[in-house]
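Asks: Sequence:
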Amino acid sequence: MRDVRDATSRRSGVLIALLALALVPGPVRAETPPGAPLSGTRLLDRLRLPDAVGQLVLVITPDWWATRGWLTLWERERGAWRRRGRPVDVVVGRSGMGWGRGLHLRATLAGPTKREGDGRSPAGIFDLGPMFGYGQAGPTGGSGFPYRQATRRDFFVDDPGSAEYNTWVRLPEGVAPGDRWRSHEEMRRPDELYELGLVVQHNTDPVEPGAGSAIFVHLWRRPGSTTAGCTAMQREDLRGVLAWLDRARRPLLVQGPPEAVAAMAFRPSARTHLR
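Here the working numbering is used: the first residue of the sequence shown is 3, the next is one more, and so on.
Read the hints as simulated data drawn from the structure, not as lab findings.
The structure presented is a predicted model; accordingly, all values stated were derived computationally and were not measured.
Derived DEER-like restraints, expressed as beta-carbon distance ranges:
hint	residue 1	residue 2	range
1	119	153	24 to 30 Å
2	224	176	35 to 41 Å
3	192	96	15 to 21 Å
4	193	52	36 to 42 Å
5	174	47	48 to 54 Å
6	151	271	29 to 35 Å
7	91	211	29 to 35 Å
8	70	192	24 to 30 Å
9	82	182	47 to 53 Å
10	155	70	32 to 38 Å
11	226	88	18 to 24 Å
12	207	53	19 to 25 Å
13	86	224	25 to 31 Å
We treat Cβ as the ideally placed atom computed from N, Cα and C, and that holds for glycine.
Could you put together the complete structure from these sequences and hints?
Replies: Next up, the structure:
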């Protein structure tokens, strides 16, 4: 029973530290003596993000199976992370989260792994972009990010058997998506979910068939709804996130439950993505 209580206590400490990151404004700066409980400062620092990374989008869910969470925005100033704005309510995949394929080292911590069609959002560290939407021009702000208009000829391929798996493809007129792939995601949906969005660079280096595709940050259907594996929020909040992002500051997405975030570390070989 002692081991169980100790593990529960450690997990509770991590959750408290992450909630502090989400809810307490101002700089995250404090020295933590050896043996002290894991602090918010150490949780961000232990990600080992390159110095070039000046912005961070942090999404936290209570556990692997939770479908609701919080998003906070962070900027690094003189070595200290400072939160910008208020916490934002988000929803994730209908099955919660699972380890994704991104810029992080594969953690040894137990937890589910993201697979195609499992309804899980990927946990990990991810590059972002391009932005996309239904309009001809992108949202204001978002300095340096490319923008793609989603038309009725635009599709994201989620057929693991296709060489175009996990890529955005615009088909020429006269070519039916069903003739080319067994499965695909329409980027110009009949609803507003993709009216504003941002591609999450999950499973791109290299692409592993079946490891998950078409992962975005986009508008939610309604509060408390879930997604097929994306991260979603209300329109006002998404507009704020997109306007805040600055590509020159090499923003990254970090998301997962507390124990996943505490176990993450940036993969050194992924530094080339930030050049």
